[in-house]
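Chains Z and D: place on chain H using the hints.
Protein chains in written order, with this note's numbering: chain H, 1 to 728; chain Z, 1001 to 1110; chain D, 2001 to 2122.
Bear in mind the hints are in silico, worked out from the structure with no lab data behind them. Computed from a predicted structure; not experimentally measured. Positions of the beta carbon are idealized from the N, C-alpha and C atoms, including for glycine. Please note that the accuracy of each hint is not assured.
[Stated by the list, open to error] If the Cβ cut is set under 7 angstroms, some of the chain Z residues that face chain H in the computed set are: (1) ILE1003; (2) ILE1005; (3) ILE1023; (4) ALA1026; (5) LEU1027; (6) LYS1030; (7) SER1051; (8) ASP1054; (9) SER1055; (10) ALA1056; (11) GLN1059; (12) PHE1063; (13) LEU1090.
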Amino acid sequence: MSEFDSALKIFAQESEQLLQDMESALLTLESDPNDSETINSLFRAMHTIKGSAGLFGFNPIIAFTHEAESVLDKVRNGERHIDAGLISVLLDSKDHTTKLVDHCLNCPDAPLPDDLAATSSLLIERLTGKSQAHTLQSSDSLSPLHSEGGGDISLDDSWLISLDFKTDALRNGMDPLSFLRYLKTLGEIKDVLTFFPDMPKDAEMDPESCYLHFKIVFNSDASKQTIEAVFEFAADDCDIKILPPNSKIDTYLQLLDAMDENHVSLLGDMLVQIGALTPNDVNHALTNQAHARQTDIEPVKPIGEILVEQQVVQQPVVEQALKKQEQTKQKIATESNYIRVDAGKLGHLINLVGELVISSAAMNLIVDRHGLSDAGDVAASMNSLVNAIRDTALELRMVQIGETFSRFRRVVRDVSNELGKEIELKIYGGETELDKTVVEKINDPLTHLIRNSLDHGIESPEQRLAAGKPAQGSVQLNAYHESGHIVIQIADDGAGLNSEKIVAKAIANGLIKPDHGLTQQEIYNLIFAAGLSTKEQATNLSGRGVGMDVVKKNIEALRGSVSIDSTPGEGTTISIQLPLTLAIIDGFMVGTNETRYIIPLNMVAECIEMDSRECEINEVEHYINLRGHALPYLRLGDYFHSPKTENAKKRESVVVVKFGQDKAGFVVDALHGEHQTVIKPLGKIFEKLKYITGATVLGDGNVALILDVQGLIETAINKRKKNAALPA
Amino acid sequence: MSIEIKQLKNAAAHLAINGEMTIYTALDQKTTFSECLENNKELQIDLSGVSEIDSAGLQLLLFVKREANERHIKLSLIHHSQPVVEVFELLNLGNHFGDPIVLSANWKKT
Amino acid sequence: MAKTIMIVDDSASIRQVVTIALKGAGYDVVEACDGKDALSKLTGQKINLIITDVNMPNMDGITFVQEAKKLAAYKFTPMMMLTTETAGDKKQAGKDAGAKAWLTKPFQAPTLLDAVAKLVLP
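With the rest of the complex left out, here is chain H (with noise of 0.2 angstroms):
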C-alpha cells in the first residue's frame, strides 16, 4: 500500500468517525439547542473534515462542506439561532457528506454525478437559508432519490424524469420550456427542479449555450413511450431519463410473470416488451456498457445494473426478469430430454404399425380357423403386445393442445383493438392431448371460429355497459376429452345468437321455407349452412356469409362435428367434438348379408337382438320400442343396397349407436365384435361418398366400411319424423 493510500484510508475512518459524532450531536442538540459544546463540535467535524479533504483535491467535499462550517460558525458565534428546521437540514447535509466521501474515495477522477451535484446545491440553498419555500418542497419529493441505487425512491404516482440538456440545444431551435409546456398536456407537472451546476461564471457563461438541467415530477397514466415521444426532437441534445412511478411496478411485475416464455429472451427486450424501458433505454445502456468495456477501468457491470444506476427503471422489476430469464432457462434444459423427430418417419411408423395391426388380425383367424390351441396362448400375447405398441405410436403423434390455444392470444389482441373493444382470451384445458395432424387441420376452423365471436359475439363496450354487463367481453377456450373424442369449445360472453334474423336470412336465401317448424337449436345450427351471415355490415374479419360452412366442412373432414348452442343476451358457445387420431381406431364389426361394416366401438352404447323380451319393431311409424322408448332405427342392408343372398330370415340383431345426445338402432344380420381398425382413406372417387368416412383391410383380405355413425343417426332421426308425422 503506499503512502498515499493509506493516507486515503485514514481520511476514510476519520470522516466516517466525525460524521458520526455530527449524527449524534445533532440529535443531542434537538433537546438541548444551547449546548455551547455540542455546536463546537459540529463545526470542528466540517471544519476538519474541509481541510482534509482540501489534502486530496476533492473539490465537490470541500465547497459542500465549506458551505456548511460557514453556517455553523454564524450558529457558534450566536449570529444565527439553531432550530428543528436548521437541524434536519444538518442531518441531511451529514448523509450528503458521507455519499460525497464515498464518491470520491472511489472514483476520484470523475466528475460529481448529476444527482449529488444537484444535492449538493438544494441543501446550500437550504442552509444559507435562501429560498428555502421551493427548495425544501422539491428536496423533500426528491431526496430519496439520492439515496443509493435508484431502487427506494418513494415518488409513488409519479414519474422522474431527468432531463440534461447539452450545450447546444437552444441554438438547434430546441427550446427547453417547450417540451415542457407539450409535456404538461399529458399529465401534470407536480414540481420541477431546475438547476444549472455547469453553468460557467460571468464572463465566460455563453447565453446561447444550454446549461440547464431538470428533474421533473410528473403525474400522467400515459405509457413510458409516449412520454419518451415528447422529447423526441430533443434527443440528439438532451440526455432524456425516465423513471416509472413505484406504483407501476406491481403492473410490470404481473406482466413479467403473465410473460409467454417464449418470448422469454434478452434482458432489455424483455423490459421494452412490457413496457418499463423504452428502446432508447436499452441502447443508451449498451451504448454505456460497450463504451465500459472499452475503456476497462472497471469490470464491465451487467446491464441491469446499468440500467438501474441510470435510473430508468426500478430494482425489484429488473431482479424479477432476470429471475424469469432463469427460470425459463431451466425450462428449456429440462425440455432437452426431448428428441427431435421429423414427423415422416413417426407417419411411416404409424402406417407400418397399422399393417402390423392388420397382420396381427390375419393370424388370429388362422389360429383359430385351424383350431391351433397351443399357437393360441402365443397369438393372445402378441395380440396383447400389438395393441400396446399401437397406443404408444399413436402416443407419440399426441401434442397438447395448449400452444395452439395460445397463439390465438394474439389473434384476440389484435382484432380486439382494431374493433375497439375490450376483450379478454381465457384457456382451460390446454394440457388435453390430440393427434398432431388433427392439431394441425383445426388451426384454420378455430381461427375463423374465433374471429366470428370477437366480430359478431361481442358487443362494444358501450353496448355491454348499456346492458349491464362488464365492458370487458371475454371469450373462453376449453379443451377435454369425452368418450374417445375431444371436445373444444369457443364460448363467448356476448350478445348470443339473433334466432329471429337468422330465420329471416335463412328465408331470404331459400334454405328453408317460412313454415318452418324447427327447433331453436335447429336455427342456431343454420348459420353453418351457406350464404348465411347475419351481420348487417360485412367486415374484413368475418361476415361475408362464407366461413362457417367451410368451417363445418373442415371439421367434418376430420370426422369430427361442430354443434352451437345460445342464450340471448348472456353468449354462444360452440363445441367442436374431434376423435383424437386419424389413423387407428377401436372399431365394432357387423355385417348385412356379405358386407361388413365397422362402427367406432365407442359410439357403440349397446347390442341387442332383436323381437326379444326388450324389443320392438314398429315398421309402420318407423321405429324400435326399445325398454319403451322410441328408438330410429335404419336397416344398414336396405340403406346401402347390399346384395342380398338367400339364406335370409337370419336373426336380425340391434346395435344401438349414440353421438353426443343423439341415439339410433342400426338392424344388423350379425354382430361381429371389436375389431381394431386401420384406417384407409378412400380413394378419390369415392371421396363423396355419403355416410362412409373410410375402410379398413381385414385380417381374411377383405374390406370393411367405416360408417360415418353422425350423418346416419340423423338419416334415422329424419326417416322416423317423416314416418310418424303420417297419420298412423
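Then chains Z and D, alone, in the frame of chain H:
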C-alpha cells in the same frame, strides 16, 4: 429589444427590458447585465416590457441571479409581465427569485 | 400572440391541409411553394417554426434550411423536415443542415399538430 438603464443613485440601477428575452437577444442582453453587475451594488430589473421569454431568456435571469448572489448585489425583479409569470409558474421558480410577483388584474389567470 | 409557422412545400394540397390544420389549432401560417419563395418571405416577419418539404423545384428543402440558418433572425429557429423515408440519408442530411425535427409523410393532422406542439405551442 432593448434595455433601458436608469442610474438611480450611487451604485444602484434600474433596468427596464423591452421586447423579447430569447436566444436572439440573449447575447446583447447578457453584455448589458454584466456591465451593470460590474458597477452596482443594487439592481432592479423591470420585466413589465418582456413580450416573450424562452429558455435562453430564463437562463439569463438565472445567471444574473446567481452572479448577484455571489457578489452580494441586491437584485430584485419587478413588474413581471405575463410571459415571465407563465414561465416562472411552469418551473415553480417564483420562490427561487424570491421577488413578489404582482398579478395584474387584466391577466386572465388560467 | 399567436405563433407563426411557415410551411414550405411544392404541393399545393399539402400546403392547404397543413394550413387548415395549423390555423384550426390557433397558429398563424405563412405558405411558400419552394425554398426560394420561402427565403424571400422570411424577411419582415417573425416566424416561430419552419416546416419544409425536402424535394422541391428551384431550391430544395435542405439548401433552404442551410440558407435560413445563415440569417441572423433565423439561425436559432426550430425547423421541421417532411420526409418520406423514416430513417436514412435524407433525415440525417436535414439534421446536419439544422432541421432537428422531422415528420414522416404521409401524416395526418393530429400527428402534425402533436409534432408541432412539442416545439411551439400556439
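Hints, verified against the model:
no. : hint    : result
1   : ILE1003 : violated, 13 angstroms
2   : ILE1005 : violated, 18 angstroms
3   : ILE1023 : holds, 5 angstroms
4   : ALA1026 : holds, 4 angstroms
5   : LEU1027 : holds, 6 angstroms
6   : LYS1030 : holds, 4 angstroms
7   : SER1051 : violated, 15 angstroms
8   : ASP1054 : holds, 5 angstroms
9   : SER1055 : holds, 5 angstroms
10  : ALA1056 : holds, 5 angstroms
11  : GLN1059 : holds, 6 angstroms
12  : PHE1063 : holds, 6 angstroms
13  : LEU1090 : holds, 6 angstroms
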